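Novice: Read off the chains here:
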Amino acid sequence: MQPQPTTAPAPPAATATPPVIQLTGIEKVYQTSTIETVALSNVNLSINRGEFVSVMGPSGCGKSTLLSLMGLLDEPSGGTIAIDGRPVGSYSDKELAGLRNHKIGFVFQSYHLINDLSVRDNVELPLLYRPGIGGSERRRRALAALDKVGLTARTGHFPAQLSGGQRQRVAIARALVGEPEIILADEPTGNLDSVMGEEIMDLLLGLNRAQGTTLVMVTHDEQQALKTGRLVRFFDGRQVA
Amino acid sequence: MLLSYLKLAWRGWQRRKFFTAISLFGISFTLMMLVVLFALFDHAVGARAPERHTDRLLFISRMVLRGPESQSSSSLGYNFLQRHVLTLRTPEAIAVSEAYPINITLYVGQQALKADRRYTDSNLWRVLNFDFVAGRPYTATEVRDAAHVMVLNETVARRCFGTAAAAVGRAVQLEGRPYQVVGVVADVPTSRELTYAECWLPVTTTTADLQDPNNQRNYLGDFQAVVLARQAADVPAIQAEYQQVLRRLPIPDPEQFKEIRSYARTPLAHYMANHSNDAGQDGDAAAFWRRWVGLGLLFMLLPALNLVNINVSRTLERAAEIGVRKAFGATAGRLAGQFLVENVLLTLVGGVLGLGLAAGVMHLLNSSQFIPYAHLSLSAPVFGVGLGLALLFGLLSGAYPAYKMSKLPANQALKGRITA
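Sequence lines, in order, name chains A and B.
Just so you know, full-length UniProt numbering puts 134 at position 134 of the first sequence, and the rest follows in order with no gaps.
Just so you know, full-length UniProt numbering puts 258 at position 258 of the second sequence, and the rest follows in order with no gaps.
Calculated from the structure, these hints are not laboratory results.
Please read these numbers as outputs of a predicted model, since none were measured by experiment.
Keep in mind that a hint or two might mislead.
Unchecked claim - Using 25 Å as the maximum straight-line C-alpha spacing, the simulated SDA-like pairs for lysine to any residue come out as follows: (1) B:K7 - A:A144; (2) B:K415 - A:N115; (3) B:K415 - A:A144; (4) B:K7 - A:Q31; (5) B:K407 - A:A144.
For reference, chain B alone in the conformation it holds in the complex:
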């Protein structure tokens, strides 16, 4: 049966090359756009280095102090994290790093090089999964002793020293002081906004006063906590423990603020919250999915309607076939199934073309460095979503024409007395 459908679909496409080409172009272009968008999304929040354990990772990166008249929001103070977050008991490990990378100038001999820096503690290398190309991470002892060591990303290491391996052990001048490169990690794309940097330094080497006593009651600052749960099931418990901690905290300026809001969010929730002060712990996932799935469907709607239109007009051409099939025992359901299968086959071919086009666009994006350090690829999730979208597209654009075709009265169809 399926073979018969395949034969018919194939010969139908060959016979109507122009319409098939238009249909395939619409399908493949739409799917290419959606696949590239999903690849960008997956690139930002998918499980890949250095955030491989996305199901166990939480980021505490922002706090909002709300009052009736005003609100203040920022990343978190180092002191706050030391006193109230590093003391959480449920997580397996907690790291502290600067919340946003800061652009600095590195000097190697006479060469000056701009790079984005993050101060971190040594736990960062345990909590996240950086791919070390050469050398090692800096240790807890080195952080405690404020050792002038650094980890570079591969591109900066190559620019400074030719190769990653050659960078290890060499000196880089930063703010007038020599730092020794102890390790080189694979590039992290800028789309990983919680973990991206080009240069990582022990937090204790900062010139800022991390223990500023004036800041004891100020919870806000320049840092974030990266929390690793023992297992994915522990994530809600960690989030609950953090909320308990917040409830016990005195409000820094009760005259001005009445409420403290901060969440331990998964990378996906952080992405979905998109720096909104109003987003909840899940990053307002429902609104995010509504918005993006709605836009995706809307984007698919126009080419789908075009395909629906082409398919419906084909009912005229295929009326006699429908009549014959009904005369010889095809039920309406069987006919609907046949036309749906044919349409899904067409969209799957379009999907494969779309994936090919998407691979080309991703290659262009990677090589153009439109997103620095991007390495977009047709990963398994991207491939799966591409085929899933093709299937959805096929069903969306095929259901109505298939229904309409299957309901044609056989005797009218045989006489050609039908209208599309």
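Chain A extracted, bound-state conformation:
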């Protein structure tokens, strides 16, 4: 198959600051002893500060891989990832962990809450890895984040005691607690019914509008994608729109 020309949309406005995330010529190939799978091919994508970008495409087109690369959870097979204009290819494990901790918050489709920890402890988790924040400050920030998602009454509960929508709110509070500039959400409404999905979507839109948080969201829901500032589409590992 011939590579398709990429049609990365232009940034919404000319800014003096570099894109908060910039992917240049990204390739991702998964290799086993018998098979080579191209997950992403020649992806060029810039995410500007304050944008809400949704990523759509059929299953297996590379959306989640893209999000993993943007979140520095995986390394590309080729190309460059830059955060705030700085390429991160040569960063150590410690530096990447620091960058994830300070800059990026994650929201996953299946929430990925730690079942053995209470709601508050789950939300505090990112702050555990941030030096200089004591227990009482962690607690204060966790309660503030839970307040933003409307879950202050559930701080002592455990994930198993919550509904799906509530769990996703906890996951959003956990993503928010460290006040990251970027939130990467991988199908955040995928496991929820339409009412709860709308609630979560409103919450994310509110964060973007009120706080200027940059959001990149993978979704299968066209209606939700249309509410975001920009929609990029992937097909077969390539950005097609």
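Dock chain B against chain A, hints included.
Specialist: Just chain B, lined up with the frame of chain A:
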């Protein structure tokens, strides 16, 4: 942070009660065995009565005469000790006692009682630290005058006279002669093979001829010297002085023997030498520690491997947690630390259980008199070694799983695409 680890560890144990119970059983049983073994070792050579000053005590208890074709080894002759050991200048004090206790029969009225005897001089009471329950030790004058006096251990005194205090001043018949009990000491366990006895008598009351002129050139016999250094730092000087003395000695039968070997050994070195004629002054400590530490590690290896296996299989269960922690900023080192702390906590709990079980086994050993006069206990060194072993066990069994967990790729872990 530690509190968070504690919470996770506690909830994880509660959630997986069966595996936690298996792990704890393996850990606590292993540690119990090792703690009991160490308690037996400490009981034999640790600093406790009557060998409280183990850092200042030396025993000269054996000599080996070596020739090209033959060798002869034994404890030392009384004459040899008088002429060549009691004359050493560096020690603070030197005592002479029989090297091995001899079983004798004591008679109190019509009652006959078997007891293990040692002939000694009066210095023994100065060099060693017996706990006198009643009465006193026999004196240098009594030894010089071959006074028929004796010191009993508490158990024998009670068997003979009801109480320790009642024994003092009473008469005991031995080999047809009356001996007066002048003192009663706390029981010394048989594991203290250099100092154990049930009945101590002045060496001058022996019927053997200690000054036998025919034995002037025979260095071997039935006795040992117990040497007390002024300070621990003097021990090497005393050992060197004794070796100098040996070098000057004529070989008793030069036709047959070419070399004299004898050492002033610490109680630990004596224990480690284990009556070997080939052991050096330090009792071949390196070989001893290699053997026993190796066996100890081997003993810990199986339950440790079991725990490693359980821990590694848990990586599957905890993959999403690992992925989430990495996503939110945990470094591999931090994650490894977390899992190591959790494992060490589990093994420390197992260690505490193991110490409890060990205390029970020691109580059984004490009450069964499997080792006569044993009073095994969870002393400070035994307790310390128990916790140390638990820590070592935790590190041994936790290091590999912690490393493996910390190296899981975050994106794969989040998707659950990992294999143990």
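Novice: With reference to the structure, classify each hint as holding or not holding.
Specialist: Do the hints match the structure? See the list:
Between B:K7 and A:A144 the alpha-carbon distance is near 22 Å, which keeps this suggested pair within the 25 Å criterion. With a C-alpha separation of about 17 Å, the suggested pairing of B:K415 with A:N115 holds against the 25 Å cut-off. As the CA atoms of B:K415 and A:A144 are separated by approximately 30 Å, the hinted pair breaks the 25 Å bound. In summary, the hint linking B:K7 to A:Q31 is not supported, as the alpha carbons are separated by about 39 Å, beyond the 25 Å threshold.
Between the alpha carbons of B:K407 and A:A144 the distance comes to roughly 33 Å, so the proposed pair goes past 25 Å and is violated.
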